[in-house]
Amino acid sequence: MAVQLDDTAEQAAPRTGKGGAPPEDGTPPEDGTPPEDGTPPEDGTPSARRGPGNPGPAPRAPHLPARRAPYLLLLPALLATAVFLGWPMVRNALLSFQNLNMKELIQHLTDWVGTGNYQEILGSEQFWRVTLRTIVFTGVNVALIMVLGVLIGLLLARLGKKMRLTLSIALVLAWAMPVIAATTVFQWLFDSRYGVVNWVLDRLGWHSMADYDWVGTQLSTFFVITVLIVWQSLPFVALNLYAATTTIPRELYEAARMDGAGTWKVFTSVTFPFLRPFFLATTFLEVIWVFKAFPQIFAINQGGPDRLTETLPIYAFTEGVGNLHFGMGAAISLLTIVVLLAMTAYYLRLTLKQDQQEENAP
Amino acid sequence: MKHPASSAARRIWPNATAIVLAIGFVFPVYWMFNTAFKPPRDIITEDPVWFPFHGTFEHFATAVNAPNFWTLAGNSIAVTVLAVGLSLLIALCGAFAIARMRFKGRRGILLTFMVAQMAPWEVMVISIYMIVRDADMLNSLLPLTFFYMLMVLPFTLLTLRGYVAAVPKELEESAMVDGCTRRLAFTKVVFPLLAPGLMATSLFGFITAWNEFPLVLVLNKEPESGTLPLWLSQFQSQFGDDWGATMAAASLFALPILVLFLFLQRKAVGGLTSGAVKG
Numbered sequence: 081m082a083v084q085l086d087d088t089a090e091q092a093a094p095r096t097g098k099g100g101a102p103p104e105d106g107t108p109p110e111d112g113t114p115p116e117d118g119t120p121p122e123d124g125t126p127s128a129r130r131g132p133g134n135p136g137p138a139p140r141a142p143h144l145p146a147r148r149a150p151y152l153l154l155l156p157a158l159l160a161t162a163v164f165l166g167w168p169m170v171r172n173a174l175l176s177f178q179n180l181n182m183k184e185l186i187q188h189l190t191d192w193v194g195t196g197n198y199q200e201i202l203g204s205e206q207f208w209r210v211t212l213r214t215i216v217f218t219g220v221n222v223a224l225i226m227v228l229g230v231l232i233g234l235l236l237a238r239l240g241k242k243m244r245l246t247l248s249i250a251l252v253l254a255w256a257m258p259v260i261a262a263t264t265v266f267q268w269l270f271d272s273r274y275g276v277v278n279w280v281l282d283r284l285g286w287h288s289m290a291d292y293d294w295v296g297t298q299l300s301t302f303f304v305i306t307v308l309i310v311w312q313s314l315p316f317v318a319l320n321l322y323a324a325t326t327t328i329p330r331e332l333y334e335a336a337r338m339d340g341a342g343t344w345k346v347f348t349s350v351t352f353p354f355l356r357p358f359f360l361a362t363t364f365l366e367v368i369w370v371f372k373a374f375p376q377i378f379a380i381n382q383g384g385p386d387r388l389t390e391t392l393p394i395y396a397f398t399e400g401v402g403n404l405h406f407g408m409g410a411a412i413s414l415l416t417i418v419v420l421l422a423m424t425a426y427y428l429r430l431t432l433k434q435d436q437q438e439e440n441a442p
Numbered sequence: 341m342k343h344p345a346s347s348a349a350r351r352i353w354p355n356a357t358a359i360v361l362a363i364g365f366v367f368p369v370y371w372m373f374n375t376a377f378k379p380p381r382d383i384i385t386e387d388p389v390w391f392p393f394h395g396t397f398e399h400f401a402t403a404v405n406a407p408n409f410w411t412l413a414g415n416s417i418a419v420t421v422l423a424v425g426l427s428l429l430i431a432l433c434g435a436f437a438i439a440r441m442r443f444k445g446r447r448g449i450l451l452t453f454m455v456a457q458m459a460p461w462e463v464m465v466i467s468i469y470m471i472v473r474d475a476d477m478l479n480s481l482l483p484l485t486f487f488y489m490l491m492v493l494p495f496t497l498l499t500l501r502g503y504v505a506a507v508p509k510e511l512e513e514s515a516m517v518d519g520c521t522r523r524l525a526f527t528k529v530v531f532p533l534l535a536p537g538l539m540a541t542s543l544f545g546f547i548t549a550w551n552e553f554p555l556v557l558v559l560n561k562e563p564e565s566g567t568l569p570l571w572l573s574q575f576q577s578q579f580g581d582d583w584g585a586t587m588a589a590a591s592l593f594a595l596p597i598l599v600l601f602l603f604l605q606r607k608a609v610g611g612l613t614s615g616a617v618k619g
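Protein sequences appear in the order of chains A and B.
With the numbering used here applied, the first sequence corresponds to residues 81 to 442, in that order.
With the numbering used here applied, the second sequence corresponds to residues 341 to 619, in that order.
It is worth saying that the hints were derived from the structure and are not from the lab.
A few of these clues could be false.
What the hints assert, rightly or not - So the derived label-pair ranges between C-beta atoms look like this:
#1 163/A to 600/B: 21 to 31 Å
#2 370/B to 272/A: 20 to 30 Å
#3 249/A to 448/B: 49 to 59 Å
#4 166/A to 370/B: 42 to 52 Å
Since we're looking at a predicted model, the values are computed, not measured.
Note that CB positions come from ideal geometry on N, CA and C, so glycine has one too.
The task is simple: from the sequences and hints, build the whole structure.
Rendered as structure tokens:
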């Protein structure tokens, strides 16, 4: 899967001359606008000045439909987003200001409580504890995934053909395992009585682990969840990193080697700068995916023991659907979105800035 | 410059690491199939049985004969294929617009999809439940299809945007100079070059839609209206102690995606490479 692609390509774009004249602007500015390359005509102005009297022959692209074309092309996607995401979001926001429990749900009652839900949540110690836990959990997992994923990706690049294929297939199998199936398998691997993990630990001389209950404490439960998530996420980073490294011109590596650069130096001076967009985009995606991880945590131990492995999505689900406090759940889910936005704000801003530069670039 | 012996020696460490890693990544998948084929006495043992010597299909029979397996498998396939197909179609149009055209509000739209990608569906189940309930469409596959479509749409669109941008515009333009209409230039020239990108993104779509759990759990409560993840979770709570049957059920659920991935993955990663080359 090719996430980093969008940004690699986005960066590549100015160099391939994509940022300049937009395709629908194929017509030369015959209406008196100076042929300034630096300012890509904002859609309205130049074409509006073209006027009905001077339709202007379009040598390549017909420009009247072309002006509307992007909007028409985007219409289905925007419409679907508005209906199936926007509407539930609005509804969710409204719910978060209501006292909505089982009784109100069944009787179709609406009981507005203003910011009551938010006051209660923000005032509770539990929420802040879960938020902190979620941030730490996301940070640890993403760091592990990125570091190990990059190492495996670089290893793939160094392997011979057969070895690379072998490791790739293994990675693909882990990647393709559906989450619920993988979670079920991990429960079996870490089963306290007949799990193969405990058997191996016992055989390695760690006899106290023979019947160890992995979901008995907070840390050990998080350990199992982390192994599961990292195992499933590494292939995405590793395979894509390997694919991306094959696009780095060989001369760059040769030049670096000629200068006597070691492995680490080559990575920091060639690979990393070249693949910066890849690293940014992948980290962004991993943050989202780990932060939102739901079935893994939920199925391993329902956020237990004693709700100690609840992250924000689980917390919202347990409060809302589990304990039937729908209004509260809705409020927590909105706060969850705010936390996630805060965690990813840097990347979002960066992408937009870069996009703007591209738009302004000649 | 290098002696063959020393280069072979230098390969030992990478190769050894690769083998250990490969075993580590495959093992859980192997252990699932392995357990699914073992007779119960080989599953509940003090020492693990590493290979299903006394292989049996009884667990698969248990799984397949569990209530509604075939109905829910059909539901899963229908919902997944429809959702992914629809989102590819819609996303391709949008990706083309964003990658190739400059227009007012472009950045805002881009941001919309990036934020949409972050939507925590798991915690919006309450509002979705109420919307679907008010539309009187609980236990129907239609809402699932549309919501799954939207779950994969932002990622598909943003990723395809990269693939479209990576196809040199000159190719398209020269086709148009040669008298092609824009649409023809797209279908004849650009679309074939996008095939790997479409495969890569549809893989992601398949795995997302095939896996989705919280929504179907809340929306489709009637036993025949759900999808396979629901079936697997119910199967597990019913047969949880029967690890053989549970692993057989998990295998049946995982198999289609594993096969699809193995077939398409090379094209997907290859496509990625060719897409990322432009630089």
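Cross-check of the supplied hints:
1. Distance hint check: the CB atoms of residue 163/A and residue 600/B are about 29 Å apart, consistent with the given range 21 to 31 Å.
2. The hinted range of 20 to 30 Å is satisfied by residue 370/B and residue 272/A, whose Cβ atoms lie roughly 21 Å apart.
3. At roughly 42 Å, the beta-carbon separation of residue 249/A and residue 448/B lies outside the given 49 to 59 Å, and the hint is violated.
4. For the pair residue 166/A and residue 370/B, the supplied restraint of 42 to 52 Å holds, since their beta-carbon distance comes to about 44 Å.
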